[in-house]
Amino acid sequence: MSDPVSALNGAEFHGLIDVADAGLTGMITLRGNLGAAKAKKAVKAVTGTAVPAVGEVLGSGETATAWMSPDELLLIVPYAEVAQRVAKAETALAGEHAMVVDVSDARAVLTVTGSDAREVMAKLCPVDLSPAAFGKGDFRRTRMAQIPAALWMTESDQFTVICFRSVADYAFALLKVAAQPGSAVGAF
Amino acid sequence: MLLIHCPYCDDTLPELEFAYAGEAHIARPADPSKLSDEEWRDFLFIRTNVKGVHAERWRHIHGCGRFFNALRDTVSDRFLTTYKAGEARPDVQTLEAAE
Ligand SMILES: [Zn+2]
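Going down the list, the sequences are from chains A and B. Residue 1 is where the first sequence starts when you use our numbering, and the numbers rise one by one after that. Residue 1 is where the second sequence starts when you use our numbering, and the numbers rise one by one after that.
One chain only, chain A, in its complex shape (with noise of 0.2 Å):
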């Protein structure tokens, strides 16, 4: 079997504040009805937390569940371990009407790290990310410029981006461009 690449394969770029490739990142996509007994049961075993509320993620770094919308979640996991966790979740969705997918090479993941990492998001995705606003355990899917993203904290000066794998260049373009040395403005 030939090895998996990330999209950004490493990519770095240090200016105001550093943006990297995270590298390899397990995602499932899991849809169904989540107010169901087993949906619960489907999440605990792969990602270990509760099913999140409208607009929350939980968990941290490796293994997470985000709230996608009323029917979908996403479960992030360690990349290597993405066919066994699929297997648990569709072991305990059984007789469920739900969906359980490996999405994981269809997407790219960055990370946003520095003091000024908040003023970088918000220069690209229409959301308030002041301090008040937005936060760790917030998670919010939107645009950044011309595609759609997910994006939340996984620090206190650090934010996780999702977005899909085709646009992962023009991602990593905008945040290099976001984050030029001297282009702080010092909103937060």
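The set of hints was computed from the structure by calculation and includes no laboratory data. We treat Cβ as the ideally placed atom computed from N, Cα and C, and that holds for glycine. Check each hint, because a few of them may be wrong.
Here are the in silico distance ranges between beta carbons for each label pair [said to hold, decoys possible]: (1) A/E12 x B/K51: 35 to 41 Å; (2) B/L95 x A/F188: 34 to 40 Å; (3) B/Y20 x A/E96: 30 to 36 Å; (4) A/S156 x B/M1: 25 to 31 Å.
Chain B is nowhere near these chain A residues, computed Cβ spacing over 12 Å in every case [stated by the list, open to error]: (5) D18; (6) N33; (7) A45; (8) G48; (9) M68; (10) A83; (11) L93; (12) A94; (13) H97; (14) M99; (15) T113; (16) S130; (17) S166; (18) Y170; (19) G182.
Here are the simulated lysine-lysine pairs, BS3-like style, with alpha carbons at most 30 Å apart [to be verified]: (20) A/K41 x B/K51; (21) A/K40 x B/K84; (22) A/K38 x B/K84; (23) B/K84 x A/K136.
Starting from the known structure of chain A, fit chain B with the ligand onto it as the hints suggest.
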């Protein structure tokens, strides 16, 4: 920029995240083959095009992805309310009385 309330995310968010999706509450005929050409044309193409309060579909395309309905005044561009797909069209008088 317009701010639109997504009834699924329960948040008021910038228009940039949304897409317009035509007039609301147009039910597809249960048996299209029973319709005359004129009735089928009306279903496909004829819209009310109101000047004033219009019930229309929107989609939170760069968010939760859901379709929902809105009452928007086409003269002022003001959103009176938004509501989930499948819910009945709210009464304008009741809404205005509540304001
Ligand atoms: Zn929404």
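Okay, the hints, checked on the actual structure:
no., hint, result
1, A/E12 x B/K51: 35 to 41 Å, "violated, 55 Å"
2, B/L95 x A/F188: 34 to 40 Å, "holds, 37 Å"
3, B/Y20 x A/E96: 30 to 36 Å, "holds, 35 Å"
4, A/S156 x B/M1: 25 to 31 Å, "holds, 29 Å"
5, D18, "holds, 26 Å"
6, N33, "holds, 15 Å"
7, A45, "holds, 25 Å"
8, G48, "holds, 24 Å"
9, M68, "violated, 7 Å"
10, A83, "holds, 26 Å"
11, L93, "holds, 21 Å"
12, A94, "holds, 27 Å"
13, H97, "holds, 18 Å"
14, M99, "holds, 14 Å"
15, T113, "holds, 24 Å"
16, S130, "holds, 15 Å"
17, S166, "holds, 16 Å"
18, Y170, "holds, 15 Å"
19, G182, "holds, 27 Å"
20, A/K41 x B/K51, "violated, 51 Å"
21, A/K40 x B/K84, "holds, 24 Å"
22, A/K38 x B/K84, "holds, 26 Å"
23, B/K84 x A/K136, "holds, 29 Å"
Violation of the numbered hints given earlier is confined to hints 1, 9, 20; the remaining hints are satisfied by the structure.
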